[in-house]
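Participant: Can you make the complete structure from the sequences, with help from the hints?
As they're listed, the protein sequences go chains S and B. Read left to right, the first sequence gives residues 16 to 457 (this note's numbering). Read left to right, the second sequence gives residues 2 to 183 (this note's numbering).
The hints are simulated quantities; they were obtained by calculation from the structure and are not laboratory data. Treat each hint with caution, since some may be false.
When the alpha-carbon atoms are kept at most 30 Å apart in a straight line, the in silico DSS-like pairs for lysine-lysine are as follows [what the hints assert, rightly or not]:
| # | chain 1 | residue 1 | chain 2 | residue 2 |
| --- | --- | --- | --- | --- |
| 1 | B | 65 | S | 138 |
| 2 | S | 301 | B | 104 |
| 3 | B | 106 | S | 301 |
| 4 | B | 65 | S | 301 |
| 5 | S | 215 | B | 125 |
| 6 | B | 106 | B | 125 |
These numbers come from a predicted model, not from an experiment.
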Amino acid sequence: MTTSAPAGGRPWRFSVRPTPRATRALSSLQLPAFWILAGILFFSGMRLLDLLSSPFARFPAATTTAIILFALYAVPFWLFIASMDFLEREPPLLMATAFAWGALVATTTAMPGNRAMLALLAKTVSPDYAVAWGPAVVSPIIEELLKALGLVMIVLVARKQINSVLDGMVYGALIGLGFQVVENVFYALNAVEMANSGDKVGPVVATFFLRGFLAGLWSHTLFSAVAGAGIAWFIVRTEKSLLIRSLGLAVGLFLAWAVHFIWNSPLLADGLGRGGWGVLTGLLLKGIPALAMVMALLWVARHREANYYISYLVQLRDPKVATERELHTLGHGHLRADARRYAKDRAGKPGKKAVRGLQMAQAHLAVELSRAPFGLTAGDAVLLHARDDVLIRRSRMLKLGLTEAIASPLRPAVPRVVVLGIGAALFLCGLIWFGISSMNAA
Amino acid sequence: MVVHRWWRNLAGALSVLGALLIVVFGLPALDRAVPVNPDAAAAQRREVAGGVTVVPPSGALIAKTSRSGPREGSILFLIGPARFVMAVAPFKGDLPTAYSGLKTKIQSMRGYQVTADEARIVTKSGLHGLTASFTAPGRTGRFAVFLAPGLAIEVTVTGSEADLAQALLRIDESIATIAYGN
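Facilitator: Okay, structure coming up:
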């Protein structure tokens with residue numbers, strides 16, 4: 016059953032289902048799902064190695080380059096996904112499992128599934144239809160199903176860790192990221208095979224640019240995050256009727272399928288006409304709505320979760336634990352980052368470190384409070400330790416002359432994150448445009 | 002742990018495993034069970050146009066054929082996740098000119114593909130050609146041009162799935178069978 020946060024009547028009171036404190040990772044070993052998951056990962060890993068062994072034997076340099084490039088490409092995505100859930104961080108092992116499902120299981124099982132369904136489509140409808148619409152019809156069904164099964168497996172192994180819609184998005188995105196990385200490696204190797212010019216890294220680099228930058232932002236990471244939100248909604252919102260929860264699940268899975276379908280569809284596949292601008296516009300028209308939808312969903316999920324946990328700190332009414340302005344800062348990622356920068360401006364790197372420490376301790380206390388039904392008054396040792404940690408970190412901050420972990424009062428009216436986001440979007444468009452132009456000239 | 006939860010957990014995990022097995026083994030079995038329709042290309046030499054012939058890739062389906070004259074026509078094969086188009090048209094010029102024409106056509110039509118440097122290619126029957134490759138966010142591809150007396154033979158291969166390698170082997174074998182007047 017979902018625990019209500021103390022701020023009763025607020026829309027986020029059912030947004031989180033706190034992990035019981037008694038939950039231990041080792042208890043998963045007693046679950047049959049854990050061993051079945053381990054077996055699936057093992058056999059899929061073997062299958063993936065088998066699939067890579069042939070290209071590696073023929074194109075060792077290209078294969079190694081592809082693996083290294085796309086592994087490095089995954090790093091910023093991983094860091095971004097991990098940082099999505101600042102207040103209640105996910106266990107790294109479970110995050111790695113989600114990534115491994117996408118990379119090992121979903122990819123290797125999608126290949127025969129896609130191939131068979133494409134052939135069935137060609138036989139039962141028409142080869143012409145299969146050529147045009149096959150990738151749009153087949154891949155979203157097979158691949159989104161296989162990735163969603165990964166999240167179902169995570170739920171079976173560690174259900175208590177899926178506390179909120181945000182958690183579902185985190186695990187879903189990681190499954191998608193794993194899939195995207197391995198799929199891109201295979202695309203790169205296909206390009207090497209197509210080039211038919213031996214063990215050259217040129218086609219790998221070209222694929223890295225094309226699939227990484229032109230198609231990377233709105234690919235599997237994004238599709239699976241939506242599906243993850245739907246699955247997590249079904250699990251977390253137990254106060255709602257089964258029908259409503261099932262509808263939420265269906266909407267999440269449908270949206271994941273729909274954005275994948277639109278991206279794969281032949282519509283606007285080659286842009287709005289000849290020339291780079293047409294191609295760029297076509298890419299943006301297909302990709303931006305999906306990206307905007309997921310970012311909006313992420314914004315809502317993050318704030319609902321943050322408000323839920325912070326409401327426990329609000330209830331303490333203890334400015335030594337968190338002042339009102341700190342509570343406001345803690346709920347917003349860009350304000351937290353600004354508070355650390357502001358501290359660095361005033362007290363150097365130790366100031367930044369002290370504020371970060373306080374923020375993390377406050378987040379930890381909030382999460383522990385949500386897991387303790389009787390709160391601090393019951394003399395709970397874990398809670399007292401968490402509160403003491405906050406007080407110690409505050410005293411370290413005070414020694415540096417920092418009274419509050421808040422954002423600068425002189426910060427620009429438009430949040431830095433918005434400016435950076437617009438800048439990054441323009442830079443990306445410029446990069447895509449440059450890429451399209453230079454490739455046309457090739 | 003409560004016993005019924007253990008069994009429920011087992012049932013859930015087995016359901017996931019079952020779904021995976023259906024995708025990996027069930028769908029291919031279903032595909033094999035559905036009879037191949039008349040669109041399937043028999044493994045025997047087919048004329049495209051103007052006396053240019055090819056042996057279709059094994060297991061390929063013919064998606065489209067067109068004939069706009071005795072010396073002009075095309076055929077589109079579907080081989081798993083790959084499509085293989087072969088077009089024949091009257092042409093007066095040399096091989097580099099034919100190659101350049103197809104390359105320009107691909108670049109202007111597709112907009113953002115990359116073409117690698119061209120390489121020479123020869124079919125089993127002795128037709129000489131030039132080939133190169135391209136790649137895009139959603140697909141990779143290869144094209145080739147061969148010359149026969151008064152004719153240009155254009156071949157384009159594209160695919161959008163991660164497991165194209167098997168299909169490519171079959172397509173390469175098919176390209177090697179392109180012949181004129183045999």
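Participant: All the hints need checking, so say for each whether the structure fits it.
Facilitator: So, going through the hints one by one against the coordinates:
| no. | hint | verdict |
| --- | --- | --- |
| 1 | 65/B with 138/S | 14 Å, holds |
| 2 | 301/S with 104/B | 27 Å, holds |
| 3 | 106/B with 301/S | 24 Å, holds |
| 4 | 65/B with 301/S | 28 Å, holds |
| 5 | 215/S with 125/B | 26 Å, holds |
| 6 | 106/B with 125/B | 27 Å, holds |
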